[in-house]
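Student: Sequences listed follow chains P and F, in order. Under the numbering used here, residues 1 to 430 are what the first sequence spells out, in order. Under the numbering used here, residues 1 to 430 are what the second sequence spells out, in order.
To be clear, the hints were calculated from the coordinates, so they are not data collected in a lab. Mixed in with the good hints, there may be bad ones.
Listed below are several chain F residues computed to face chain P (Cβ distance under 8 Å; list not exhaustive) [claimed, not checked]:
id, residue
1, Y280
2, G294
3, M297
For each residue, glycine too, the CB sits at the ideal point set by N, CA and C.
2 protein chains.
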Amino acid sequence: MRKEIIKVGLLGMGTVGSGVLKILEMNREQVKNRAGAAIEVKKILVRDLHKKRPVNIDRQQLTTDPRDILHDPEIDVVVEVIGGTGDSRRYIEEALRHKKFVVTANKDLMATAGTDLLLLAREHNRNIYYEASVGGGIPLIRPLKHSLGANRIIRLLGIINGTTNYILTKMSMEKMEFETALAEAQARGFAEQDPSSDLEGKDAAYKLCILAMLAFNCHVRFEDIYVQGISGISKRDVFYAGELGFAIKLLAIGEEMEKGLALKVHPALIPLDHPLASVYYENNALFVVGNAVGETMFYGLGAGALPTGSSVVADLIDVARNINHQVENGVMETDFQAKSVVPIDELPSAFYLRLQAVDQPGVFARLATAFGDARVSLDMILQKRSVGGMAEIVLVTHAVEEKSFNLALETIKSSPVIKKINSVLRVIEK
Amino acid sequence: MRKEIIKVGLLGMGTVGSGVLKILEMNREQVKNRAGAAIEVKKILVRDLHKKRPVNIDRQQLTTDPRDILHDPEIDVVVEVIGGTGDSRRYIEEALRHKKFVVTANKDLMATAGTDLLLLAREHNRNIYYEASVGGGIPLIRPLKHSLGANRIIRLLGIINGTTNYILTKMSMEKMEFETALAEAQARGFAEQDPSSDLEGKDAAYKLCILAMLAFNCHVRFEDIYVQGISGISKRDVFYAGELGFAIKLLAIGEEMEKGLALKVHPALIPLDHPLASVYYENNALFVVGNAVGETMFYGLGAGALPTGSSVVADLIDVARNINHQVENGVMETDFQAKSVVPIDELPSAFYLRLQAVDQPGVFARLATAFGDARVSLDMILQKRSVGGMAEIVLVTHAVEEKSFNLALETIKSSPVIKKINSVLRVIEK
């Protein structure tokens, strides 16, 4: 029964697909030793048979007909690296129905249909492996499922979008404005020509769906996540944050509280001595707090052919071992519970506020009264010498329910001595 | 055949043992869901039946006779948290012979006898799980075995001793001298009354044995590791390192080079923007470079009852799942290769050197000549205004073979204008 060769069908041959092929070639012996069997890519689904490829492959391996993979009884595992939620989903479903194991790097699909697909896999006594769907090469899925399996996860805090982290790092280290940093990220290939999904936080929110599903053992809907991007951040905010002892990062946050789950993606000030504050450029990291392990963090490259391929091949090794151990599914993440999500208004947060006020007596008293009336207490205040009769004031509050802060903010906005609210950002206290 | 309850025998009930019991109690449901079976501690080996325990247990569970555990056919898994290499080793061997799975948190034993025990386990178609033996709660063993399984590991760089990291953090953040920081670490429970094994780097070297065994797939002898501790470091070195853009950390380093393995534990200057530079206080982290994944890092608490217990219980969950999947060993790390270790003299390193020289013309020329003659090139030079006719000079070299640096150092030492070599430290360039 033991298979000497595990045969793989590869759906798609873009960046990640090529990375997978390259790793299987360059680390062939190592992969074979770890997997206990050779891993052989039998067929590759492509759109164009004649396109030039960055990897040496036999033309005979290529096909444009998915049935050559999905209906081939010799193929044990289907690796889906097409992306999107259309064809890829149909192919994965068909693969499971044909009793194939599935490895996917598809973030969008696992975020929107992950729970359904995992249940379908269980029905067919198979499993879906998706380490590559979040965090590129960084082991995140396996640690949440296995290494931290003895923990109730209290909190996830992640820098899981490389584009925005690159931009924010440039703004901080080289004192660039947002637009300049974005242009450089695009020039260096760290941002796409249409970077909106990254900048607006959507990409991070999809990844949070997957991580929160695993950490909190429930189905997470993208629509339930509060999402705010980084385009409103100016280099002045990055500068003030630094003066106050913080870095600004786009964070994906998941937290299990008594009244439900907090799920949000937004830029935030994070203390400089927090491990996430030192995650620079295109790197990603997930900070996890468990009720036994305490604080732990996983760091590395969140994208790229070889890092992402590294996760796909790790999954292939697991599949090969499971096939030869006759472990058919080993699914453990389908016993999902229903959990409610707390609206953003009711979540606690500390806030950073930068505003322009007329430089005259009583201004600070008005601010203080507005906050006091809404029962918001202040943690830090920064005011530099005023220029042209206008004072720039920066405040950091202690944590309050967001609606209390918003109440104070409304009062402040309507005050005649406040000329402009420049920015409002959330603050991670610790 | 499926077991609803997996029965555990616990050898030892100190800090880690109590942590395991506490986690099994506080996360009972979660552990059961993940393991697919209830995990029940049937018997606990202790030395004193009547000692007061920090965890609620039934006196009936306690025994002073190891055979009550090792010979009990109902017990599936033996968890060894006694420590040391005497009884613990005999018990583990006996457990394997009685076809029990073994989970251990024993660093010393896995470092000195790990390969033998793993081979014995394979002989008996069983496995040893040892996630808790290195890095407390941080997942390190599993990522190296599984998540990064598709990679050839190029380099390990670890802060894997909490005591020394706590001391070095205090010296840096609070400008303490070594002795003061050590006293505080002892007062706060981060250093033992006899801290020599930690301070001299031995503890880190034992852990490096285990990590290097896994990463480079070979037996690593403690004696082959170059070990140097931190007691020679003064706050002046920490200060100069900071001025030059470095932190000082005690690092465990494993590297696979063409001519063999580099294995060493020593304090080193590491650039401030390196992720390891921001690992503060008692935290640990392992930085791993793989040929596919690139740079990745795992961070968290390297010790403590609950963090270490978190790793033990994660292993128990794996064992339970494997028992019910009839996976008997799943061993993958016994196919060890013979690899040579390169002597420290022949390893390349950059160096930091602090010395006192007579403040007179020509001193620098002599230094430069000594380095030039040994073909050592200089990267950074720092000299502050001299005091009392003596100048303090700090130099950082580019990487050279250690013997070349030592040659230059001998010449410098014998020069009449050099009054004292204060410190010599290695530098991690990137």
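Student: All hints are to be evaluated individually against the structure, with a verdict given for each.
Tutor: Hint by hint, here is what the structure shows:
| no. | hint | result |
| --- | --- | --- |
| 1 | Y280 | holds, 6 Å |
| 2 | G294 | holds, 5 Å |
| 3 | M297 | holds, 4 Å |
Every hint from the earlier list agrees with this structure, and none is contradicted.
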